[in-house]
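**Student:** Sequence:
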Amino acid sequence: MERATTHRLGVIVSGGFWEPYQALLPEFVRDTGIAVETLSGASQGTGPKTIGWQLEHGARIDVVVLSREGLDELAAGGRIRAGSDMPLARAALAAAVRLGAPKPDIRTRDAFRQTLLDAGTVVMPGSTSGLFVRDVVFPRLGITDRVRAKVLPRGTDSTAALAAGEADLALGPVSELVGQPGIELVGPLPDAVQLVQVFTAAIVDTAHRIAEARRLIAFLASSRAAAAIRRFGMEPAGASAKPA
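Last residue of the sequence shown: 245 in our numbering, with the numbers rising by one and none dropped.
The hints are simulated quantities; they were obtained by calculation from the structure and are not laboratory data. Given the structure is predicted, the values throughout are model-derived calculations rather than measurements. Just so you know, nobody snuck in bad clues.
Derived SDA-like pairs: lysine to any residue, alpha-carbon spacing no greater than 20 Å straight-line:
#, residue 1, residue 2
1, 104, 148
2, 151, 47
3, 104, 161
4, 50, 162
5, 50, 161
6, 104, 149
7, 151, 137
8, 151, 139
9, 151, 105
10, 104, 169
11, 151, 140
12, 151, 115
13, 50, 152
14, 104, 179
15, 50, 132
16, 50, 39
17, 104, 162
18, 50, 40
19, 104, 166
20, 50, 78
21, 50, 76
22, 50, 80
23, 104, 188
24, 50, 158
25, 104, 195
26, 50, 23
27, 104, 122
28, 50, 38
29, 104, 185
30, 104, 120
31, 151, 161
32, 104, 118
33, 50, 60
34, 104, 189
35, 151, 118
36, 50, 74
37, 104, 192
38, 151, 167
39, 50, 73
Full structure from sequences and hints, please.
**Tutor:** Written out as structure tokens, the structure reads:
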């Protein structure tokens with residue numbers, strides 16, 4: 002497993018905030034001169050692709066960026082520095098189809114339910130969004146045993162399967178669906194089955210570069226980050242991200 006070196010700021014980011022983070026990181030490094038090494042991981046779930054597993058198995062991380070649900074799990078386990086958390090962006094759940102495929106109707110609860118029943122295979126990440134769809138949405142719609150669904154480790158696994166023709170519909174945070182190759186966004190899920198995730202940054206309890214970690218979090222929550230966040234279908238949630 003790749004590890005952050007001791008002289009770099011170690012950051013691990015979940016898929017929901019990965020694209021805006023990648024767009025913003027060069028500006029932060031250029032302006033501050035702080036070297037950063039970034040890993041990726043799922044906010045929740047099990048196995049080596051999750052942020053929690055990587056922290057438990059020795060990844061040298063100063064800052065985590067993940068869904069609030071995942072952060073709360075880490076905090077409950079004593080892995081987060083108290084008072085260091087900062088919301089960065091909100092992302093609604095959305096659906097996507099393969100590029101060029103007809104876009105199904107998902108505008109209402111009943112239309113979305115029928116789209117799920119009609120789909121050959123539905124894919125979703127085995128993290129916060131996918132767990133919500135599997136454990137809350139499917140039972141709420143009464144279709145738990147009637148949907149051909151696959152829960153894959155990461156959002157990128159879901160979009161790759163959709164692009165390759167291995168699935169007919171992908172569900173996940175809008176930020177994991179916008180701009181991905183070979184797929185096309187359909188739109189947000191209806192309110193009755195919606196989950197708006199708040200992607201949040203925090204400092205790990207074992208962080209070594211606390212001052213640099215605070216600078217990165219402040220930058221990601223600032224108004225300078227807002228345009229990149231919106232470009233990937235999210236809304237800025239940082240305390241200083243809104244225009245004056």
